[in-house]
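Engineer: What follows is the residue order along each chain.
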Amino acid sequence: MIIGLDVGGTHTDVVLVGKEGLINQAKVPTEKTNLFDTIISGLQRVTQGIRVEVIERLVLSTTLTTNAILEGKGEPVGMIVAGGPGLNPELFRIGNHYYPVSGYIDHRGREVQPINPSEIETIASKLRADGIKSVGVVGKFSVRNPVHENQIIKKLSNGFDYVLAGHRVSGNLNFPRRIATVFLNASVQGIYKSFFLAIQKSIATMGIKAPIYVLKADGGTMSLEASMNFPGQTIFSGPAASIMGALSYANPRVETLVLDIGGTTTDMGILIDRVPLLEPLGIEIGGLRTLVRSLNTESIALGGDSVVRVKEGHIFIGPDREGPAMAFGGSVPTPTDALIVLGIMKEGDPLRAEKAMAFIGEALGCDPISAAREVYTAFCHMLLGAARAMVERINQRPVYTIREFLDAYRVEPQEIFIIGGPAPYFAPKLSEMSGLPTRVVPYHEVVNAIGAALSRTTCELTLFVDTERGIASAPEDGFYKPVGSNFSIDEARDLAVSLLVQKAQNEGASSENIETEVVEELQFNMVRGFYTTGKNIRVKVQVKPGLINGYRVELSKELSLGDVSNPMTVNPRRLE
Amino acid sequence: MIKATYKTGLVFFPAFDWAISPTHPEREERLLYTQDQVLEEGLLDIDGIVEFKPDMINRDDIRRVHFCIPDEWSVITDSHLISGGGAKTIATMVVNRVIQRGFALVRPPGHHAMRVVHGARGFCNINIEAIMIEYLRDAYGIEKVAIVDTDCHHGDGTQDIYWHDPDTLFISIHQDGRTLYPGSGFPHELGGPTAFGTTINIPLPPRTSEEGFLYVADHVILPILEAFKPEIIINSAGQDNHYTDPITDMRFSAQGYAKLTEKISPHIAVLEGGYSIEGALPYVNVGIILALAGIDYSHVKEPDYDPDQLRQSPEITKHIEKVANQVMEYWYKVPEIKEKLLNQGGIKERERTIYYDTDNILENQREKVKVCIDCSGVWSIESWTDRGRRIYAIHVPRKACPSCEALGYEWYESTSLKLFDAILIQDRKNRRFIVKKHPM
Ligand SMILES: [Zn+2]
Ligand SMILES: [Zn+2]
Numbered sequence: 002m003i004i005g006l007d008v009g010g011t012h013t014d015v016v017l018v019g020k021e022g023l024i025n026q027a028k029v030p031t032e033k034t035n036l037f038d039t040i041i042s043g044l045q046r047v048t049q050g051i052r053v054e055v056i057e058r059l060v061l062s063t064t065l066t067t068n069a070i071l072e073g074k075g076e077p078v079g080m081i082v083a084g085g086p087g088l089n090p091e092l093f094r095i096g097n098h099y100y101p102v103s104g105y106i107d108h109r110g111r112e113v114q115p116i117n118p119s120e121i122e123t124i125a126s127k128l129r130a131d132g133i134k135s136v137g138v139v140g141k142f143s144v145r146n147p148v149h150e151n152q153i154i155k156k157l158s159n160g161f162d163y164v165l166a167g168h169r170v171s172g173n174l175n176f177p178r179r180i181a182t183v184f185l186n187a188s189v190q191g192i193y194k195s196f197f198l199a200i201q202k203s204i205a206t207m208g209i210k211a212p213i214y215v216l217k218a219d220g221g222t223m224s225l226e227a228s229m230n231f232p233g234q235t236i237f238s239g240p241a242a243s244i245m246g247a248l249s250y251a252n253p254r255v256e257t258l259v260l261d262i263g264g265t266t267t268d269m270g271i272l273i274d275r276v277p278l279l280e281p282l283g284i285e286i287g288g289l290r291t292l293v294r295s296l297n298t299e300s301i302a303l304g305g306d307s308v309v310r311v312k313e314g315h316i317f318i319g320p321d322r323e324g325p326a327m328a329f330g331g332s333v334p335t336p337t338d339a340l341i342v343l344g345i346m347k348e349g350d351p352l353r354a355e356k357a358m359a360f361i362g363e364a365l366g367c368d369p370i371s372a373a374r375e376v377y378t379a380f381c382h383m384l385l386g387a388a389r390a391m392v393e394r395i396n397q398r399p400v401y402t403i404r405e406f407l408d409a410y411r412v413e414p415q416e417i418f419i420i421g422g423p424a425p426y427f428a429p430k431l432s433e434m435s436g437l438p439t440r441v442v443p444y445h446e447v448v449n450a451i452g453a454a455l456s457r458t459t460c461e462l463t464l465f466v467d468t469e470r471g472i473a474s475a476p477e478d479g480f481y482k483p484v485g486s487n488f489s490i491d492e493a494r495d496l497a498v499s500l501l502v503q504k505a506q507n508e509g510a511s512s513e514n515i516e517t518e519v520v521e522e523l524q525f526n527m528v529r530g531f532y533t534t535g536k537n538i539r540v541k542v543q544v545k546p547g548l549i550n551g552y553r554v555e556l557s558k559e560l561s562l563g564d565v566s567n568p569m570t571v572n573p574r575r576l577e
Numbered sequence: 003m004i005k006a007t008y009k010t011g012l013v014f015f016p017a018f019d020w021a022i023s024p025t026h027p028e029r030e031e032r033l034l035y036t037q038d039q040v041l042e043e044g045l046l047d048i049d050g051i052v053e054f055k056p057d058m059i060n061r062d063d064i065r066r067v068h069f070c071i072p073d074e075w076s077v078i079t080d081s082h083l084i085s086g087g088g089a090k091t092i093a094t095m096v097v098n099r100v101i102q103r104g105f106a107l108v109r110p111p112g113h114h115a116m117r118v119v120h121g122a123r124g125f126c127n128i129n130i131e132a133i134m135i136e137y138l139r140d141a142y143g144i145e146k147v148a149i150v151d152t153d154c155h156h157g158d159g160t161q162d163i164y165w166h167d168p169d170t171l172f173i174s175i176h177q178d179g180r181t182l183y184p185g186s187g188f189p190h191e192l193g194g195p196t197a198f199g200t201t202i203n204i205p206l207p208p209r210t211s212e213e214g215f216l217y218v219a220d221h222v223i224l225p226i227l228e229a230f231k232p233e234i235i236i237n238s239a240g241q242d243n244h245y246t247d248p249i250t251d252m253r254f255s256a257q258g259y260a261k262l263t264e265k266i267s268p269h270i271a272v273l274e275g276g277y278s279i280e281g282a283l284p285y286v287n288v289g290i291i292l293a294l295a296g297i298d299y300s301h302v303k304e305p306d307y308d309p310d311q312l313r314q315s316p317e318i319t320k321h322i323e324k325v326a327n328q329v330m331e332y333w334y335k336v337p338e339i340k341e342k343l344l345n346q347g348g349i350k351e352r353e354r355t356i357y358y359d360t361d362n363i364l365e366n367q368r369e370k371v372k373v374c375i376d377c378s379g380v381w382s383i384e385s386w387t388d389r390g391r392r393i394y395a396i397h398v399p400r401k402a403c404p405s406c407e408a409l410g411y412e413w414y415e416s417t418s419l420k421l422f423d424a425i426l427i428q429d430r431k432n433r434r435f436i437v438k439k440h441p442m
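Line order of the protein sequences matches chains A and B. Under our numbering, the first residue of the first sequence is numbered 2, with each subsequent residue one higher. Under our numbering, the first residue of the second sequence is numbered 3, with each subsequent residue one higher.
So that you can see chain B by itself, here it is in the shape it has in the complex (with noise of 0.2 Å):
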């Protein structure tokens, strides 16, 4: 009988009656043939795998984190109110210590999405690891989390919502923005002042393989991980790395997506992307289960798996150690520029333009934080599209000052409605949210 050195939950949602669109890759099929190999290989039956079914999130786990416009039944389905209660349910079982390690493996994913919901961006419309991570933070009182996102694509959603927290380590291993969608995701961008340095960024040159991103889990993740010292180590999994994927240009294989698991060693592994469903996710996601839960998974390889066919060119290897280089360089320097940052105090404000490009929407974005020296500081978001839509968003963090509290309050009714169509805060401290609309 084959045991498992780790007993690792699983909550499997494939939900097979949805899709994007009939021809989309976020459809039924998609991880159909995962549900085969899983199930040929007999994982369940394994000693010390157990299976899960999902919870379903509500509307106050989507408002610890979003700004739903114009509200959360408009800009969701079931199937994300289910894939998300899969993240929470293997969440809950993880620290109740029923598991020590759990794999949400639900679709739809998430990591697109970001504060301000307008649409579904990136085939995501809530983001299912920061609503997991902030009902752990209500629920269980966990303070320091972090995620590792190992998603082929910028996981700018979890960036974005994470930006002015000092409490949750974001970082990214991707395909370099200026290659693939969302074009985001440089070394230099760190995250706000108050939480400068607990966002890291690690864009890979295309053709990047088993050899590349081994080499980053321990010259740039492993460290930064070791130094923060997180209560909790989330991966968002995707596996549009691997060298089958259709919509990126990288070499990984299921190979390499184990070892990095086991690199990494998370407690919850949550599925993102992938899209090479058939050559890739069958194998890439028995490989992922076989290493959280401590099981040989050496003999888990594609069918046409070749590494030497794989193997990157020197060129890529010079290229991945110095982007490494660079993000520890900066790493270092964190604390000195964090302390200046902070010394500076004031408002910081900074303007941005985001697309949803499933939904084809175009927001603009005003935002400003309060720099303090007692908290992450209040902040606040002035959010307006090319559909005509504006609000405006305030946002009180978990461990607010008095004074940032007061100031969250005092932008919350000196607003007028006149300028916007709703105006929303979200008060983490007294786990309150309030809109203020026009009436109907």
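For reference, chain A alone in the conformation it holds in the complex (with noise of 0.2 Å):
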């Protein structure tokens, strides 16, 4: 059995899944200021009654990091950053300890300029003066040679308790994503990693033996161990775990859109051919661009307690939300409101949401009902709107090669799946309005904690192949191998896949459930003069985002898809 726990924002929700079905669930309210509570007090729920020795795994996604980093909680970071010619390095100064330093590689990883060691110590004795303990090391081209970043943490020498260096958090050309990603990293590890030794001790204690692992934002999982070194990877894993529940109820060969409906904000995603797309860099958090790898997922602040206002005979749906809707006490009208007036949804106070679209009515001139029903069609026309806004720049995003451009692939969703707490209520009208199939994700209250439960382990690698200067490297991993001028693009395939499935066994996967693909391939003969000598060979391989092997099937065998207009209703089996 596995137990999966998804920390949500207002809820947290926990699920126990077994090879035969769900198990058992749990919604516990999520505490901000005790996250520990909000997880072991769920963690005690899912398994009441439960002999926890079954437990094989249990994955945590979380808003530790996300919070700490939104809050501005983290860790002062000394930042030493070997930026080279380009954009004046100053430019993305970040925290008060930031110190652009001599050294410099070029594209093909040459090292141009050296660093300067006098340079270093000067630093790291102004770093240690300051009390500072985490430090992050970022070179331009690290990826191509990480010679000075690791020349540059030799001399930092003793002193610090974490130091990380850029060519680490991922194989992506960036340098001023890679300056953030190791920053963030940086700043929360010291909390990440005192918290989760603490959530650890208190798992053991209560007899649970199984490995931890915990979610990342490209919707995959990695060990708890593993990810003490890379907490950031960890942000907003949330939306992840979501479109990762629906996946495996999607269609194999259509692309889905799924739409997650909270009270505040609508998280959006796709799957195509039941695997999620992801961004091409990484998330954006707090203002600042990462390369932490996550979904291709959008949030818009629309939701089922978004305030709906009318203005010049219009209606307005959020971006704020004031609480509850009216039929739960709240002060403004909302969607929630309009849904119980039409006698979609059966819950709360029908007098209060009648009065909600009675205001609403009187500013557009009519009765509440027809209020109501029009305030339902504007919520799906602006959920739909963003959808297609979201979809159309999928499609708008460039290639570079000529056949790339005559395929001209374009993402078209076949399929909606609605999650979260209104989804039933908006299928109908979802379907009406964007005549696709639409269809409410069984178990869709909790489907978020089960995408944690079976998600895999994933793991990406660039490979980087220069003949001329006679390397392979895959800095990322601290892979280096000298090459011969007739290395060609299959053995550096073979190649990158068998690090890559070497990494993710290293991350906690298990052999069974690696599913590898090849994401980049490109191959350039390096002419100069007017002969070839040799060639630059790029190869990126992941391991492709989706559910452990065991689970999917008899899980979705027991449910059958419910028609379009006729959403399911949530009816779990429970384990008495």
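Nothing false has been slipped in among the hints.
For lysine-lysine, the following DSBU-like pairs were computed, each having C-alpha atoms within a straight-line distance of at most 35 Å:
| # | chain 1 | residue 1 | chain 2 | residue 2 |
| --- | --- | --- | --- | --- |
| 1 | B | 303 | A | 541 |
| 2 | A | 155 | B | 303 |
| 3 | A | 541 | A | 156 |
| 4 | A | 74 | B | 5 |
| 5 | B | 5 | A | 541 |
| 6 | A | 127 | B | 303 |
| 7 | B | 5 | A | 127 |
| 8 | B | 55 | A | 541 |
Using C-beta positions, here's what the derived DEER-type ranges look like:
| # | chain 1 | residue 1 | chain 2 | residue 2 | range |
| --- | --- | --- | --- | --- | --- |
| 9 | A | 401 | B | 61 | 22 to 32 Å |
| 10 | A | 94 | B | 79 | 42 to 52 Å |
| 11 | A | 274 | B | 72 | 37 to 47 Å |
| 12 | B | 72 | A | 530 | 28 to 38 Å |
| 13 | B | 313 | A | 111 | 22 to 32 Å |
| 14 | A | 162 | B | 79 | 56 to 66 Å |
| 15 | A | 101 | B | 264 | 18 to 28 Å |
| 16 | A | 523 | B | 342 | 53 to 63 Å |
Hints in this document: simulated from the structure, not taken from any laboratory. All values derive from a computational prediction rather than experimental measurement. All residues carry an ideal CB built from backbone N, CA and C; glycine is no exception.
Assembling the complex is the task here: the two chains are given apart, and the hints tell you how they should meet.
Structural biologist: Structure, rendered in structure tokens:
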């Protein structure tokens, strides 16, 4: 059995999943100031009456790093940045201990200007004097050759708790994002580590001996131990949890739009043939763009509790929320009130809901029921508009070869999946308006926790081969190997895949769950003068985000998907 | 967060799967390191810099500018349609005010492609800037356009296309034609009789450095641009003036290109040549993008940049001042000479031989233009090649007067197919392109 736990803004969802399906589920309120108790009480609730020895795996999706970053609770970080020529490295200054230094590596990984050891020593003693415990070291093009980052780290010597090199966070090019990513990881690492050591201890005292995993923003998991070094990867794992949960119900060979409708916001994502679409570079958090691999999700400020207003005869919904719907004791009209007036939702105080819609009706010049219908339609219209805009942005992504250009692959969702509290109420209208089969995902209220429970370990690896220089390297993973002039792209691909499998296993994957794919493969003849002097090969491989084997099939077997107009109701099987 | 002063759009289309031939300078690898540098600098994350996917141009776009022989599809590849499309996309975004400035970082280039196209010359098949400009004219009614060609080679294709167009100012700075392909571009080449003075050539001596380029920008390019008052300024941004370029002999730098871009302030830059793919292009392109966007580029330098070593000699400085003076002297006399030419009227003829170095074709042309005081004049070209092709091409300008328009059709009707493989009329006034051919 597997436990999946997803900490949300208001609730924390926990599930216990067995090979036969969902066994138990629980919802506990999220105490923002006491995430520790929230997690432990969630785990206790879901394991009530269960022999904990049967638990094989435990996956946590938390908001710890996200909150620490957004609330500015990270620790100070000493940043040592070797920028070389280009944009002024001062432009990327972050934190109060930022030091641009000399040293420059070019696009091929060749050293152009060495580092200055005494410069580093001076900075190191200054950082120590300032009481800095976390240090980030970032060089331009360090993913092509990490020698400067490594030299700087060696020079720093002792006295720091955590030192992170830029080439370790991603194989992708983007110096400013590398700086931001290293900074974020380093600033939350202390908090993250002490928090999860405590969690680990408590889980052990509960008698659970299963390995613990955490969910990442890319919808994959990694072992808790491995995550201690790269806590930044757990930013925004929540939206990923929902999308991964929906994944097992998606139809193969189609494109699926996933909408997770909440009280304040709706998260949108895309599945292509049951594989979630990834962000090209990485997530953005608190205004910082990073190289943290993540699913391509977009969040819009539109939810069941968004404020409804009328301006010049038009309905506007959101972006703000002012507490719950009027039917649940709130003070302003919301889409939820409209649902109650229309009889679609049978909860809350119908009289207060009607009052809310009467208020809207007055501004529109119509009766409360018509007003509710208008609000309902406007909500679905806005949602579909935002989804279409997101799909268009995805389709506008540039390509760099004629073949890809002429292929002109376009994402065009053929079905819509909705999850989240108000999901069943919006399904019929969304279907009618979009003309697409629209389904409420089974267990839609805890599907996020199911997603966390069943996601497999993912990772990515970039191999860079330069036969003129005679090297194959994957600095992200500390890999470096001399190669001959006839090293081929096939050898490069094989090498990249074997390194990837090794990496996935180190991060907690079991070998039967490693499904690899080539994401990018480019080969160039390097010509100098009129002679071919070597080959420049770039291969990027990944473990596909997906669900672990053995669970998905069983889960979906017992569920027949409801027809379009008849959203499914929640009816989990409970183990008494 | 860095913010661009001018909202700047980029189309980046490196055509990683296209080459003229495996070891040709115009090959897959050409923009690889530029892409590395642009990505590593994080330029696409800057607030106010946006990347667009290119459109493709179509046959009508090409037919506004060229006479492709035997037809469009025989002389171009998909890569040309996308590279032209990249320029068109950027231009559309600029005129629709989605962006203030734009850079089409595309390949293959186009500034050696002339009106009649039998094949490739100087790595160019179709003129992507001209195709872009003529699209803007038809779709958005843009009239006055200036092109500043800063490629090291004379932009003889663009010059040929706009030789008779008084609404297009073409200024080319390049390495002296006596020392470099294509061997043209001298100060006395000032345009046809009806467009006299809207072609300006500034040949620079080999080993010209930053100082020299910026001198002609200040003393020739900017004053002439100022006087012409274009609605839109295009920069044919070739980068082969760089001190590391393998096929030219100049001493220009990334800093220099960025400063020059800042001075010219083009709305649209289109990549042309530039074959120092590691030593120059990554830095020059970053410099140009930053200069366009109005972001500090002072740290953009080649790894081996040494301005003292690159400084031009006093003799070169003196030579450049002389060239600049000569160009300006000619330019001051333009109104007077143009009036004289127009008063002469009649039909002016010229004969030329054009060599297609890339495809090894020799073309002969006999051109005639009606010197008209009411419009820029109908013109025609008889063209025959050493491959045995012979065609007759007629151009009716956008603002043709009724008599020039009628004359164009009279030439078209009265010319017999006995002498030619095809007779073509490019009627820009009525947006028509008609071909008369032997039945198959
Ligand atoms: Zn050139
Ligand atoms: Zn006329």
